[in-house]
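Trainee: Chain by chain, the residues:
Protein chains: 4
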Amino acid sequence: MAKKKLNIGIIGYGFMGRAHSNAFRKVNNFFDLEYEPVLKAACARNAEKAQDFADNWGWESIETDWRTLIARDDIDCIDIGSPNNTHRDIVMAAAEAGKMILCEKPLAMNTGEGEEMTAAVEKAGVANMVWYNYRRVPAITLAKQLIDEGRIGRVFHYRAKYLQDWTISPELPQGGEGLWRLDASVAGSGVTGDLLAHSIDTAIWLIGGMDTVTAMTETFIKEREHSLTGKKQEVTIDDACAFLARFDCGALAPFESTRYARGRKNQNTFEINGEHGSIFFDLEDPHRLEYFDNNHDSHVHGWQSIHVTDFEHPYMDHYWVPGTTIGYEHTFVNAIADFLKSLEDGQDAMRPNFRDGLETQYICDAVLKSAKTGAWESCKA
Amino acid sequence: MAKKKLNIGIIGYGFMGRAHSNAFRKVNNFFDLEYEPVLKAACARNAEKAQDFADNWGWESIETDWRTLIARDDIDCIDIGSPNNTHRDIVMAAAEAGKMILCEKPLAMNTGEGEEMTAAVEKAGVANMVWYNYRRVPAITLAKQLIDEGRIGRVFHYRAKYLQDWTISPELPQGGEGLWRLDASVAGSGVTGDLLAHSIDTAIWLIGGMDTVTAMTETFIKEREHSLTGKKQEVTIDDACAFLARFDCGALAPFESTRYARGRKNQNTFEINGEHGSIFFDLEDPHRLEYFDNNHDSHVHGWQSIHVTDFEHPYMDHYWVPGTTIGYEHTFVNAIADFLKSLEDGQDAMRPNFRDGLETQYICDAVLKSAKTGAWESCKA
Amino acid sequence: MAKKKLNIGIIGYGFMGRAHSNAFRKVNNFFDLEYEPVLKAACARNAEKAQDFADNWGWESIETDWRTLIARDDIDCIDIGSPNNTHRDIVMAAAEAGKMILCEKPLAMNTGEGEEMTAAVEKAGVANMVWYNYRRVPAITLAKQLIDEGRIGRVFHYRAKYLQDWTISPELPQGGEGLWRLDASVAGSGVTGDLLAHSIDTAIWLIGGMDTVTAMTETFIKEREHSLTGKKQEVTIDDACAFLARFDCGALAPFESTRYARGRKNQNTFEINGEHGSIFFDLEDPHRLEYFDNNHDSHVHGWQSIHVTDFEHPYMDHYWVPGTTIGYEHTFVNAIADFLKSLEDGQDAMRPNFRDGLETQYICDAVLKSAKTGAWESCKA
Amino acid sequence: MAKKKLNIGIIGYGFMGRAHSNAFRKVNNFFDLEYEPVLKAACARNAEKAQDFADNWGWESIETDWRTLIARDDIDCIDIGSPNNTHRDIVMAAAEAGKMILCEKPLAMNTGEGEEMTAAVEKAGVANMVWYNYRRVPAITLAKQLIDEGRIGRVFHYRAKYLQDWTISPELPQGGEGLWRLDASVAGSGVTGDLLAHSIDTAIWLIGGMDTVTAMTETFIKEREHSLTGKKQEVTIDDACAFLARFDCGALAPFESTRYARGRKNQNTFEINGEHGSIFFDLEDPHRLEYFDNNHDSHVHGWQSIHVTDFEHPYMDHYWVPGTTIGYEHTFVNAIADFLKSLEDGQDAMRPNFRDGLETQYICDAVLKSAKTGAWESCKA
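The listed protein sequences correspond, in order, to chains A, B, C and D. Each residue of the first sequence is one higher than the one before, starting from 9 at the first, in the working numbering. Each residue of the second sequence is one higher than the one before, starting from 9 at the first, in the working numbering. Each residue of the third sequence is one higher than the one before, starting from 9 at the first, in the working numbering. Each residue of the fourth sequence is one higher than the one before, starting from 9 at the first, in the working numbering.
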């Protein structure tokens with residue numbers, strides 16, 4: 009059966025541009041879907057880089073101005089993989105042009121932008137999704153399923169951390185290609201928007217909304233050379249952030265993130281402790297979910313390490329055989345598969361949408377505010 | 009060579025009474041020391057229980073009034089294993105009588121008591137130690153050694169948690185024998201004094217003093233039957249407590265404790281992230297220390313799991329052969345060995361002393377205060 | 009720069025057909041190579057299935073007779089993903105036609121076939137490779153590198169196991185699509201050729217040739233319904249196989265494989281113990297390599313868990329960012345990248361070639377022979 | 009209630025002498041028993057060493073000739089902790105004298121001795137036990153319980169290894185105090201009698217008798233200085249031994265042991281794979297038992313890590329609180345507690361007795377014989 013074509017125009021050719029391109033190319037090999045993404049056009053300011061990127065990934069054409077891309081009639085869907093400070097303007101224009109929008113996380117530089125953007129896509133009635141890809145790690149999706157099955161019950165505790173160690177050297181410059189995440193004027197914030205936003209999105213998906221937070225942040229290296237200016241400049245991002253939260257459900261929750269944790273490459277973990285059981289996940293072993301079931305006979309109580317690679321585990325029937333793992337890139341494949349499935353059946357798989365992304369934005373802003381005031385702050389709109 | 013006798017009088021016959029008795033009995037089998045504890049007298053209000061306890065552990069005599077015990081000329085050292093609300097009065101009397109004092113943790117019900125007690129032992133000039141036994145888990149002592157060797161460098165992060173799950177059932181009563189830790193009038197506080205005090209003592213020993221904290225506490229089960237009254241009464245302890253800390257050295261640190269973490273039996277963990285390396289410990293696998301050394305060739309970087317059972321590891325040359333583990337009880341044996349060694353050589357192994365225990369008390373009180381005020385509070389005297 | 013086209017004709021559309029197709033499609037997205045595979049034609053006896061497969065993976069055309077495929081002038085390279093009993097005839101014809109050949113493992117049904125096939129490709133002088141994909145798990149390639157760096161020294165011990173649990177149910181039929189691995193007339197043997205062949209290929213790559221073996225096999229379920237006949241028939245494969253080996257280097261080595269190990273999904277492990285260090289690998293956590301370095305200070309001796317996801321780890325600079333994992337499928341991508349690189353530079357990356365695959369075949373046959381004779385058997389030609 | 013005294017005379021003051029002494033001293037502190045061991049006399053050829061040992065552990069008197077010890081009327085039970093080549097003569101004399109006998113493992117130098125010794129104690133009708141202490145690791149006792157509860161079902165596979173690394177250096181001498189295990193004339197064999205005997209005793213206790221074996225052994229360092237002669241002499245023990253076994257129940261089983269496995273300090277592991285579940289144990293983490301239960305819902309299938317420290321776990325209600333570990337020494341305490349309990353109630357806890365120890369001896373001898381013949385050998389009498 010012929011597939012319905014969904015023409016994609018991508019903006020950004022960096023790490024996320026590659027991850028999205030790969031997902032668009034692969035999704036139909038693994039998922040049986042009505043829709044098929046077509047890699048129509050790749051957009052970047054530098055034509056040569058855009059062309060190299062397009063050649064490498066099979067984009068049919070290039071653009072150097074995203075406004076031109078949005079204006080093209082042969083584009084159905086704008087995919088945003090460019091730095092955070094570009095999201096708002098692109099989204100506003102794309103929504104107005106009636107394009108579907110896939111936007112990298114975090115949604116916006118701040119709550120104000122996020123509200124505008126969410127209002128715009130909702131008013132335009134266009135399909136929209138934020139690429140919080142970790143919801144599609146099969147083990148995390150399984151965690152959601154176990155909760156929905158009632159296996160955890162009333163949640164007492166949630167704890168999350170997201171630790172990396174790649175910015176410890178004071179020699180590392182800030183800003184510019186590959187390093188814009190260290191430049192607050194481009195990234196909006198440091199680990200809060202880059203890493204904790206992931207932790208928060210996962211948390212509110214799993215156990216519901218967050219009520220209040222108290223936070224602390226730190227910038228360990230006060231000055232770094234800026235790649236674009238060649239000068240030593242103040243570092244204004246948060247190198248590390250920790251906060252305590254109280255969820256709407258009553259759970260207590262410490263969250264923590266840093267890029268100064270020696271030996272932690274990408275340690276995104278969460279643990280949930282409930283009345284009937286507990287769950288633990290660590291992105292450094294992404295194919296495993298640790299689960300404690302209090303209903304077992306008590307002399308065999310123990311954390312069970314679920315190797316989330318069986319056909320009955322989320323997404324895994326689309327890949328290889330039990331016992332074989334998928335990788336980081338497949339979280340994007342799974343996400344776009346769900347998005348396409350939503351277009352097909354009108355169901356709710358197209359999540360997190362912009363409104364969900366906005367909820368995370370409110371929390372990030374409350375965290376950053378509390379780090380300044382020293383007081384508990386509300387996470388609500 | 010004949011040993012110098014150190015006559016001990018113990019107060020309390022519960023869990024800690026047993027742990028201390030065992031340590032006194034065993035220490036000279038494993039350590040070559042000038043001093044030898046003599047199990048002279050055990051004291052408890054109930055004579056029958058005191059006698060059973062004495063018979064079981066080999067205490068030569070019993071007393072039913074601790075004032076009588078302290079008054080005995082044949083007692084050199086008072087060992088306190090009774091509930092927290094008894095510590096102050098016993099210490100004040102024992103110090104006045106010029107006895108050495110070993111006191112279970114936490115030192116006191118609060119800072120006020122702790123200051124009085126510390127002043128008393130210092131004025132009396134009597135040997136004193138608080139049983140924060142986890143400093144003597146060989147893996148934790150090794151952590152201290154690695155830090156002192158400069159293997160960690162500037163500390164960016166410390167994180168600790170102490171999770172248990174034994175009070176989740178609402179049917180569990182509060183108060184009375186074995187359950188006094190759930191009764192604030194006897195225990196002073198809940199997890200803060202019972203569990204976080206351990207975490208804090210370890211932390212300040214390893215990386216130095218704590219400056220400020222912001223905290224939250226929760227009591228999940230609001231009312232429980234009281235064992236002594238038979239009536240449902242308000243639960244006034246903290247079932248859970250989480251706090252953020254800033255250390256004097258600049259490190260950021262989330263701490264958390266609860267008795268509502270399904271599947272965590274005694275999960276006392278800490279992690280330290282520094283410039284040159286990191287350390288992780290979990291009391292559920294107490295014979296292991298995880299260590300990340302950033303100085304290795306980078307393609308073999310990885311957390312190394314040190315099986316802390318070799319002759320060159322702290323305390324382990326006193327026990328069996330490499331590869332064989334010791335248990336929980338040996339942390340007390342090691343502690344009393346260090347105490348006796350201090351008597352012998354006048355060196356500093358008799359730590360934590362009361363002043364150290366008081367430092368932890370200040371922090372616990374700051375945590376409990378912050379949980380009420382919602383503000384950052386100072387940990388200093 | 010325009011790529012050199014390498015036109016592929018694939019035979020087989022099952023699990024391995026999918027894995028190879030995916031690798032051909034992806035390799036140029038991730039590796040910068042002169043050559044580019046072109047998915048020219050897919051061949052299967054059933055035209056409809058061939059067409060579905062071709063549509064799904066982007067094969068340009070189909071064939072239903074592999075002899076026709078081999079005869080096509082526009083095919084440069086024959087890729088064999090069909091069952092074991094088809095390898096010999098296809099290879100003989102393809103070699104004669106001067107085609108490059110990529111052949112799934114095990115190379116052949118037995119040593120006799122393997123010798124013929126190896127002679128044929130060597131006589132024809134065509135590029136040839138056997139898909140022992142696990143050599144390209146980055147952690148296993150890193151193990152090879154550590155050995156080559158002299159970090160292990162004289163090897164005393166090697167131990168390997170490959171455990172699965174998918175055939176325990178007596179209800180599982182044998183034979184037919186997806187189950188031909190249970191039919192000895194198609195597969196040649198059971199776990200020996202399917203799983204131990206992997207373990208052996210890895211072992212001889214890492215520490216050199218094997219000298220002698222003594223073995224035992226077992227078939228736990230004696231009869232199973234045959235999918236093609238619908239009748240209960242004797243099961244003639246080995247459900248399990250264990251053997252002891254002595255390597256040329258003097259190392260002692262137990263090997264074991266089964267499909268009856270409850271809870272082991274794909275547990276392919278090996279451990280090497282040498283004079284200076286040890287290595288451990290488990291395919292269920294494929295992104296980790298455990299390494300013990302005896303040169304460290306002895307008080308920090310410990311197994312270090314290398315998260316094999318850094319840019320300096322084998323193959324990983326072609327993928328995402330440090331800390332993010334790749335999956336099972338990438339072992340095939342890495343293999344074809346090495347094959348293409350070999351075509352480009354004439355270097356030795358095109359390994360294991362047929363001669364290497366033949367060496368494993370000798371060992372498998374010695375194992376199966378010993379299981380019958382009960383005696384030690386030679387692994388040599 | 010007054011205890012019945014059981015007067016012990018111990019022979020040997022080395023590692024095992026210490027372990028046994030400690031157990032005798034502690035058992036009544038932790039177990040409520042009718043009988044109480046009395047540390048009556050310690051025997052060693054060197055009077056000074058005997059006296060030091062007696063002083064350290066509280067033995068009331070010493071002897072320098074074990075025949076004198078056995079002749080003493082005030083000795084009820086002879087405990088043998090001396091080297092393997094002394095066991096037979098001591099046992100024959102003690103049995104004749106009607107003494108109870110506790111004998112370190114392995115029971116004898118060989119089957120011939122073992123048969124004599126077993127016949128002697130059975131004829132004399134004296135209580136007898138072999139110190140295969142690992143049956144009393146709570147996690148191993150729990151494994152036995154899970155099997156007895158039917159949780160494993162038909163056993164397909166058993167695999168065991170016992171790896172150490174303390175003899176790799178060629179500088180290590182053989183023979184003499186602390187090193188007699190490297191001298192075949194004293195030890196009988198190398199790793200087979202020292203380590204594999206443990207693995208075998210555990211295995212046959214858990215899944216029943218062994219039928220046939222095929223084995224290989226190796227001595228890596230051919231000559232070592234002998235401590236007693238000061239000369240380089242041939243090393244005649246087995247440094248390493250691996251064998252394949254078939255159990256009476258049909259299970260296939262590789263066993264392996266060595267003292268040349270870098271980084272493995274005391275890695276005594278076993279795994280059992282059965283119809284309904286699997287079990288894994290590792291002595292380096294002795295407080296854990298890994299259990300796979302195939303009856304769980306399949307999407308939560310996973311190995312559960314049982315922290316064997318709860319009151320309902322074997323032996324653990326005698327010690328501290330849930331979540332706190334015991335150590336190596338407690339396996340001896342548990343063993344003597346069971347022995348004393350057997351005296352009290354006449355039940356079967358006094359196992360392994362000499363007949364059980366003899367069964368292990370038959371297997372060890374079959375293993376050593378097969379290593380010479382290269383053939384499968386019978387494990388039966």
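Each hint should be verified, as a subset may be incorrect.
Which copy is meant is left open, because identical chains are indistinguishable; a pair holds if it fits in one copy or across any two.
[Stated by the list, open to error] With a Cα cut of at most 16 angstroms, we get these calculated EDC-like pairs of lysine to aspartate or glutamate:
#, residue 1, residue 2
1, 349, 242
2, 12, 97
3, 273, 290
4, 12, 63
5, 388, 219
6, 11, 60
7, 273, 325
8, 349, 44
9, 12, 82
10, 380, 226
11, 240, 179
12, 349, 157
13, 273, 318
14, 11, 123
15, 11, 63
Read the hints as simulated data drawn from the structure, not as lab findings. All of these numbers come straight from a predicted model, not from anything done at the bench.
Trainee: Does each hint hold? Answer for all of them.
Mentor: Right, here's what the structure says about each hint:
no. : hint         : in the structure
1   : 349 with 242 : neither (46 angstroms within a copy, 45 angstroms between copies)
2   : 12 with 97   : neither (29 angstroms within a copy, 42 angstroms between copies)
3   : 273 with 290 : within (11 angstroms within a copy, 20 angstroms between copies)
4   : 12 with 63   : between (24 angstroms within a copy, 15 angstroms between copies)
5   : 388 with 219 : within (7 angstroms within a copy, 31 angstroms between copies)
6   : 11 with 60   : between (28 angstroms within a copy, 14 angstroms between copies)
7   : 273 with 325 : between (29 angstroms within a copy, 15 angstroms between copies)
8   : 349 with 44  : within (10 angstroms within a copy, 32 angstroms between copies)
9   : 12 with 82   : within (14 angstroms within a copy, 31 angstroms between copies)
10  : 380 with 226 : within (11 angstroms within a copy, 25 angstroms between copies)
11  : 240 with 179 : within (11 angstroms within a copy, 57 angstroms between copies)
12  : 349 with 157 : neither (23 angstroms within a copy, 47 angstroms between copies)
13  : 273 with 318 : between (27 angstroms within a copy, 9 angstroms between copies)
14  : 11 with 123  : neither (35 angstroms within a copy, 47 angstroms between copies)
15  : 11 with 63   : between (24 angstroms within a copy, 11 angstroms between copies)
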